[in-house]
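J.: Spelled out, the chains give:
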Amino acid sequence: MSEFTTDETPVVRMVNITKHFPGVLANDQVDLTLHKGEVLALLGENGAGKSTLMNMLVGLYQPDSGEIYVKGSLADIKSPQDSMALGVGMIHQEFMLVGNMSVAENIVLGMKDLPFVPPMIEIRKKITDLSKRYGLQVHPDKIIQDLSVGEQQRVEILKLLYRGADILILDEPTAVLTPGEARDLNEILKKMLAEGKSAIFITHKMDEVMEFSHSVQVLRRGKSVSVCPTKSIKRVQDLANMMVGRDILFSLERGPYSPGEVRVEAQDLTVLPIGGGKPVLDNVSLTIQGGEILGIAGVAGNGQQQLTEALTGLLKVNSGKIFLNGKNMTNKTPLQIIKNGVSHIPADRGRMGVVGDMSVGDNLAMKKYRTNELSVHSVIKRGWVRKFAERLIEAFTIKTPNQDTSVKFLSGGNIQKTILAREIDSCGGILIAVYPSRGLDVGATEAVRQNLIKQRDKGNAVLLVSEELEELLMVADKIAVIFEGRIMDILDAKEATTEKLGMLMAGVEKEGV
Amino acid sequence: MNMVDFITKLLAATLAMGTSLTYATLGEVYTQKTGILNLGMEGIMLMGALAGFTTAFNTGNLFLAMLMAMFVGGLFSLLHAFLCITMRANQVPAGLAITIFGTGLANFLGERLGPASNNFNLTGMNLPSTFSNIAIPGLSNIPIFGALFNVSILTYGLYILIPFSWFFMYRTKHGMVVRAVGESPKTATALGISVSKIRYLYTTLGGVLAGLGGACLSLSFTPSWNQGMTGGKGWIVIALVIFSTWNPGRVVIGTLIFGGITSLQFSLQAAGLKMVIPSQFLGFSPYLITLIALAGMTIINQKKKGSFASPAALGTSFAIDDK
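Protein chains in written order, with my numbering: chain Y, 1 to 513; chain E, 1001 to 1323.
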């Protein structure tokens, strides 16, 4: 990374920032300093207050107390338009784009100095110039919802550049990117730094801190616990411990690999898209034995979703056969498949995993809907639910005020633990987990991974779809790579490397080709 | 009567009938485009019809009557906006309440605001003047299409308002903001746009147009006051918004079809066809066709991958820190 000078006035100085939300102290007297040309990594677990702090810098929230200085003068930032006027712009974790509008419209949306009828031809030209200059390829007339996640992020960056931002805040920018796209992002960042722009980078991935940043600031439970130059960090482990406040296991405990009988067998699954076109699943065959974790690697949108939906009965296959626990379950209903012992941790945990408005206890007991344990003559046995939920909350260390709290008020990690608890408790030999650690912090990720391995050690078959190669290498016994609906290869996890997997994920058949 | 005459007359009747619907539908499109569902249209239109009629009856000034109808419509939708935006009430019951309240109040006032000679009833009174058709010399004599140039000033107004609304929505920066607020209020907020302000503004505008739509009935189409004279048009408006795929430029297609079928139904009844087809069937046929059209829309929408979909945030309240 290029160097920057610290003798100039810092471009951003946040002093003594405190922010309360009902019942939560989100930021407690936090100081933050950013110099010109610097990349500051803001590290912390989910809920540590990183996003809140940055949302105050861009005016989405107002601090209860404390002062913000931008480029040397006290700034009164009441709205994102104020911060933008000062050159501060943020790329949120959840992209702030209007799905059915064009790239160009999204880039200029809400700009105050736009004429009544925006001159789209000029705007398009300016966008094209910017994309060429920074290597952010995206067509200004494309509609957002037709773009890949990586492209959408480029639109977000262009939006800031177009508005003249020179202080960029990126909230977990690589969470949704493939390794290749993340490298591209790094290149783009370097170009912007070379022009004297500065960046704050929210993350909870340690390797990114080491790779991208000049300095690192660690937040824990709303407080700033450490600020130091990245170079001075000797061990990544130290950062992790600072962030969590305790020791984190970097290798997971696992029993010996002793696969048993075949539990999942897919033969030549093919799924054609509605309305015709290239198959989204193309002759996919795979087997998973009991006591084995099969990882599925691939760039999102290459058929992982269809594969897991076919296995769980949510999607009908056009041809091919599925055997689960030895029974032919091809195109059976989700209920039949659940009854046959399949548990499912869906990718979209908020929409498919839990009912947000229902309590933690009810969400945990939900799968017992058809059993006599839950109800007598359709009347729910409240006492039983209470005991059942208490047991699972304790066993899976779900952090919740009590079991009557609505699930939607829990953190992402605890929502995921709720789903894990329910699915693992009801698991009859097969567990299908789709992006189970996506968006979770170190502590929760560790818990999720350890639980998957525990299921494997108990002799269950586990299918793990993940976009993080490190997770797959750490957790899986075998890794299948999926590309454009086809299984490129199935590797032994011990022999697989990030490079090998990366090549296969990009559709390259053999090494060196 | 020859065929050309029949079609010309049918088109003229369709335009007269459709004008009221078109104003209200345009209004509801603006409202829904920002994410607010206003089911109060029936009540707001009826209040507009009453306000327009009573103003015209007492002052004889049609433009003042029009403004009064718009003002009252705006006031009622402002109430809806307050309930849905500030109080964050569920938009469906709030809208239903507006309809029930508006209908009841209009019918109540209709029996109180009339002259003493008519027992204070407005029903049965005639206006000193009404919006009558203005024929454009030359153009109005063209067979069939001449009907387009022999309409009231209210209908002429639409010839400007519809293309303008399309242009406003898809070519101006304000339209862009409206669409963004209805589609992704979070994005709008992150860009410093006040979602509440935009929603208040366009919900009120929607009511202004619906009030005008109501006045079109009482000042021009059937210049009179009758209890419940909107006769469910406020509900048809909701269907026509879906039919227009939330595109103000397409509003006219739905209103022409619906207005056309209704007019055709009247002509057929008048022509004595009820001997063959029961009059009740003709009476509900426009609504039946609306149902079929809506089902068809859903099928087309699935094929077109949701390009005709409703604004994503329609019917939801919004605050930046919502879970």
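Wrong hints could be hidden among the right ones.
Said to hold, decoys possible - With a straight-line cut-off of 30 Å between C-alpha atoms, the simulated DSSO-like cross-links for lysine-lysine are:
| hint | chain 1 | residue 1 | chain 2 | residue 2 |
| --- | --- | --- | --- | --- |
| 1 | Y | LYS126 | E | LYS1186 |
| 2 | Y | LYS339 | Y | LYS234 |
| 3 | Y | LYS494 | Y | LYS234 |
| 4 | Y | LYS36 | Y | LYS231 |
| 5 | E | LYS1303 | Y | LYS78 |
| 6 | E | LYS1186 | Y | LYS408 |
| 7 | E | LYS1197 | Y | LYS332 |
| 8 | Y | LYS327 | Y | LYS454 |
| 9 | Y | LYS125 | E | LYS1303 |
| 10 | Y | LYS205 | Y | LYS191 |
| 11 | E | LYS1197 | Y | LYS408 |
| 12 | E | LYS1173 | Y | LYS112 |
| 13 | Y | LYS458 | Y | LYS367 |
| 14 | E | LYS1173 | Y | LYS321 |
| 15 | Y | LYS316 | Y | LYS368 |
| 16 | E | LYS1197 | Y | LYS112 |
| 17 | Y | LYS142 | E | LYS1009 |
| 18 | Y | LYS205 | E | LYS1009 |
| 19 | E | LYS1303 | Y | LYS142 |
| 20 | E | LYS1186 | Y | LYS231 |
| 21 | Y | LYS367 | Y | LYS408 |
As the list claims (entries may be wrong) - Residues of chain E placed beyond 10 Å of chain Y at every Cβ, according to the derived structure:
| hint | residue |
| --- | --- |
| 22 | PHE1071 |
| 23 | MET1087 |
| 24 | THR1130 |
| 25 | PRO1143 |
| 26 | PRO1163 |
| 27 | PHE1164 |
| 28 | HIS1174 |
| 29 | ALA1180 |
| 30 | ALA1188 |
| 31 | LEU1191 |
| 32 | ILE1193 |
| 33 | ILE1253 |
| 34 | PHE1266 |
| 35 | LEU1294 |
| 36 | GLY1315 |
Rather than coming from a laboratory, the hints here were simulated on the basis of the structure. Note that CB positions come from ideal geometry on N, CA and C, so glycine has one too.
J.: Does each hint hold? Answer for all of them.
T.: Hint check:
Between LYS126 of chain Y and LYS1186 of chain E, the direct Cα distance comes to roughly 26 Å. Compliance with the 30 Å bound is thereby established for this hinted pair. Distance check on the hinted pair: LYS339 of chain Y and LYS234 of chain Y sit about 51 Å apart at the alpha-carbon level, beyond 30 Å; violated. About 28 Å separates the Cα atoms of LYS494 of chain Y and LYS234 of chain Y, which keeps this hinted pair within 30 Å; it holds. A C-alpha spacing of about 18 Å is found between LYS36 of chain Y and LYS231 of chain Y, which places the hinted pair at or below 30 Å, so the restraint holds.
Restraint check for LYS1303 of chain E and LYS78 of chain Y: not satisfied, since their Cα atoms lie roughly 44 Å apart, outside the 30 Å limit. Distance hint between LYS1186 of chain E and LYS408 of chain Y is fulfilled; the C-alpha atoms sit about 18 Å from each other, no more than 30 Å. Pair hint LYS1197 of chain E plus LYS332 of chain Y does not hold up; C-alpha atoms about 50 Å apart against a cutoff of 30 Å. Restraint check: the Cα-Cα separation between LYS327 of chain Y and LYS454 of chain Y comes to about 25 Å, which is no more than 30 Å; the hinted pair holds.
Taking the CA atoms of LYS125 of chain Y and LYS1303 of chain E, the gap is near 33 Å; set against the 30 Å cutoff, the hint is violated. Restraint check: the Cα-Cα separation between LYS205 of chain Y and LYS191 of chain Y comes to about 22 Å, which is no more than 30 Å; the hinted pair holds. Proximity of LYS1197 of chain E to LYS408 of chain Y is assessed by CA-CA distance (about 28 Å); at most 30 Å being required, the pair is judged to hold. Note on LYS1173 of chain E and LYS112 of chain Y: the hinted pairing holds, with a Cα-Cα distance of about 9 Å set against a maximum of 30 Å.
For the given pair, LYS458 of chain Y sits about 21 Å from LYS367 of chain Y by alpha-carbon distance, which is consistent with the 30 Å threshold. Restraint check for LYS1173 of chain E and LYS321 of chain Y: not satisfied, since their Cα atoms lie roughly 53 Å apart, outside the 30 Å limit. Taking the CA atoms of LYS316 of chain Y and LYS368 of chain Y, the gap is about 25 Å. The hint holds against a cut of 30 Å. With a C-alpha separation of about 15 Å, the suggested pairing of LYS1197 of chain E with LYS112 of chain Y holds against the 30 Å cut-off.
At roughly 46 Å between alpha-carbon atoms, LYS142 of chain Y and LYS1009 of chain E are farther apart than 30 Å, so this suggested pair is violated. Among the hinted pairs, LYS205 of chain Y with LYS1009 of chain E is inconsistent with the structure: their alpha-carbon atoms are about 73 Å apart, more than 30 Å. With a C-alpha separation of about 20 Å, the suggested pairing of LYS1303 of chain E with LYS142 of chain Y holds against the 30 Å cut-off. Distance restraint check for LYS1186 of chain E and LYS231 of chain Y: the Cα-Cα separation of roughly 38 Å exceeds the 30 Å cut-off, and the hinted pair is therefore not satisfied.
Taken as a hint, the LYS367 of chain Y and LYS408 of chain Y pair is honoured in the structure, with Cα atoms around 18 Å apart against an allowance of 30 Å. Separation of PHE1071 of chain E from chain Y is adequate, the least Cβ-Cβ distance of about 26 Å exceeding the 10 Å criterion. At the 10 Å boundary, the C-beta of MET1087 of chain E stays outside the reach of chain Y, the nearest C-beta of that chain being 19 Å off. Remark: the non-interface label on THR1130 of chain E is consistent with the geometry, its nearest Cβ contact in chain Y lying 36 Å away (cut-off 10 Å).
No beta-carbon of chain Y is positioned within 10 Å of the beta-carbon of PRO1143 of chain E; the least distance is around 38 Å. No Cβ of chain Y comes within 10 Å of the Cβ of PRO1163 of chain E; the nearest lies about 14 Å off, and the non-interface call holds. The beta carbon of PHE1164 of chain E sits about 12 Å from the closest Cβ of chain Y, which is more than 10 Å, so the claim that it is off the interface holds. Not every Cβ of chain Y is farther than 10 Å from the Cβ of HIS1174 of chain E; the closest lies at roughly 7 Å, contradicting the non-interface assignment.
With 10 Å as the threshold on Cβ separation, the claim that ALA1180 of chain E sits away from chain Y is violated: the shortest Cβ distance comes to roughly 5 Å. Here ALA1188 of chain E does not stay apart from chain Y, with its beta-carbon only about 7 Å from theirs, under the 10 Å limit. With a cut of 10 Å on Cβ distances, LEU1191 of chain E falls inside the contact zone with chain Y, its closest approach being about 4 Å. A beta-carbon of chain Y comes within 10 Å of the beta-carbon of ILE1193 of chain E; the shortest separation is about 5 Å.
Against chain Y, the non-interface label of ILE1253 of chain E holds: every CB pair exceeds 10 Å, the least being about 20 Å. At roughly 39 Å from the closest C-beta of chain Y, the C-beta of PHE1266 of chain E stays outside 10 Å, upholding its exclusion from the interface. Chain Y leaves LEU1294 of chain E outside its interface by the beta-carbon criterion, the shortest separation being 21 Å against a cut-off of 10 Å. The Cβ of GLY1315 of chain E lies farther than 10 Å from every Cβ of chain Y, with a closest approach of about 16 Å, so its non-interface assignment holds.
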